[in-house]
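Based on the provided sequences and hints, a complete structural model is requested.
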Amino acid sequence: MSAEPIILAQDLTKHYRVALKEESLLATLRHFLLRQYRTVKAVEGVSFQIARGEVVGFLGPNGAGKTTTLKMLTGLIHPTRGKAVVAGHIPWRREKAFLKKITLVMGNKQQLIWDLPALDTFRLNAAIYDIPEGEFRKRVSELSEMLSLTNKLHQPVRKLSLGERMKAELLAALLHRPEVLFLDEPTLGLDVNAQVAVREFIREYNRRYGATVLLTSHYMADIAALAERVLVIHQGRLLYDGPLAGLLERFAPYREVGLTLAYPLPREAFLAFGEVRDLEGLKARLLVPRERLTERVAEILKSLPVEDLEVREPPLEEVIARVYKIAPSGLSETPALEEA
Amino acid sequence: MRKAKTLLAVYLAYMLEYRAELFLWALAGALPLILLGVWTEAARGGEFALSPGEFARYFLMVFLVRQATVVWVVWEFERDMVEGRLSFRLLRPLDPFFDHLAAHVAERLARLPFVVLLTLLFFWLFPEARFVPEPGPFLLGFLFTLLAFLLRYLMQYTTAMLTFFTERAVSVEEVFFLLYLFLSGTIAPLEVFPEPLRTLALLTPFPYLVYLPAALLAGQKVDLFPGVWVMLFWGVAFLLLWRLLWRMGLRHYSGQGA
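Going down the list, the protein sequences come from chains V and S.
In terms of numbering that gives the first Met the number 0, the first sequence opens at residue 0 and continues consecutively.
In terms of numbering that gives the first Met the number 0, the second sequence opens at residue 0 and continues consecutively.
It is worth saying that the hints were derived from the structure and are not from the lab.
Please read these numbers as outputs of a predicted model, since none were measured by experiment.
Honestly, I wouldn't trust all of these hints.
With a straight-line cut-off of 20 Å between C-alpha atoms, the simulated DMTMM-like cross-links for lysine to aspartate or glutamate are [claimed, not checked]:
1) V/20 - S/166
2) S/2 - V/163
3) S/4 - V/163
4) V/108 - V/22
5) S/2 - V/94
Shown next, in the form of structure tokens:
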């Protein structure tokens, strides 16, 4: 990591006050006259640094604190405690120079003007971000080509498909060529082809312009394809900060062995070799401890009617699920298990 | 300058997508034209400060002033807040105040043909309202219409800032609207108000939003002072309040809905 991180979060904390209300008429009246509140600790003492040009995946279940962290880093909300510096600015001061260096794309929200062609929103953004006319044309042409969107720019946004709309959203958000991209579920709801296209575009954008990307996604394929480093947040606390491979090592100390058999066998036949995750007809999927993999594979080949055998990393979804499962009891007191 | 031009061009294109709605919105502001009929009839049979012709001209100008000063920013701001779109506006290096202002000005331009059409229709229906304005007072009236729009926009935008704290700032605006309706001269010109009420009304910002520009445009004799100072006072007061609530609001904002 370079000496000067482009994103620095130190003890970043956000507590919300949420009004409490029970069901029933009496509770409603009480709520109307005298409100009671409780404090929700959305983000609690999160610290990390991201170097210029890095692509970092931000993982966590719903309500873990991902979006709240992004909102603090983009200056939308003030933290309860802690410090953040993004591209040399304190985000919540909302200086114009800062706003011109960052962008936030939210997969579930759109900034495009619904009834007008996307090009009108781009033109509006170009004026707001002080992009000269010539430069504006050049950037639209370049980005629309990268996104395969060239012939869709003149169609009203409402006539675009979901995938095309997200591409246009990305174009609108990147027109001012931000240095830092905060992408919150950019592939949400997209079909597989559109997901791949968006993913490819983000990778290419990062490569071409050296932009820093902090990306949240529920699709592990996004994270696996784009991010070498991941931050895992759960219940507002950072559980892991390090390489994606390290996350697998730490939370998935096993490999997945896929078997194709010559004839079906009962579940009991596999128990001696590992944990049976799936068994259907001639196909079986076992989890085998990593340190005993060679030995177990040899035993399997010797004892079972194997026609084909494949050793894989376990799916990232399962690993993450394990992280969250372990977290409440064992890890929540640890701000970060591993430093990058 | 390019920023303002592009904002206007894009928002004008957006407003023109709603041609039918624009006509209906213009028509929905026809209350003064109904009151025109009522007051002209009343003036024919009673003793009033204005003649039937003066009433007709006044209410026609009220109609035009209201068309030129209609503001809905509090509804927009509240919707943006509830639907989570405010975050996008906050992420741009442009204060949403100017963004919404540009949309309002563009809407005014898009609405203009319908307003002209309705005015011609009412000139035909109420011939006593026809008159040739004197250029001086008319230009002054035009200037005060512009100022009235800016003051009304500023007042409502300040109310919109309450959305940061209540999410239902529209309710506050509805209370304001009631005061606006009675004290602005929309229902009746200030000449027919009882003296104490008239004095009181002139201390509030409301008569400067409708009565003053409409009376100037209609060619009535109106004292500009001390009204201009009162208008200035409210302008500065709302400006300061807007900035204060904006700063407090941003600290309070939780990015809800996004």
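Verification of the supplied hints:
Restraint check for residue 20 of chain V and residue 166 of chain S: the C-alpha separation of about 18 Å stays at or below 20 Å, so the hint holds. Note on residue 2 of chain S and residue 163 of chain V: the hinted pairing is violated, with a Cα-Cα distance of about 27 Å set against a maximum of 20 Å. In summary, the hint linking residue 4 of chain S to residue 163 of chain V is not supported, as the alpha carbons are separated by about 28 Å, beyond the 20 Å threshold. Annotation: proposed proximity of residue 108 of chain V to residue 22 of chain V is violated, straight-line Cα distance about 31 Å (limit 20 Å).
Under the criterion of a C-alpha separation no larger than 20 Å, the hint pairing residue 2 of chain S with residue 94 of chain V is consistent with the structure, at around 18 Å.
In the structure shown, a violation is registered for the earlier hints numbered 2, 3, 4, in ascending order.
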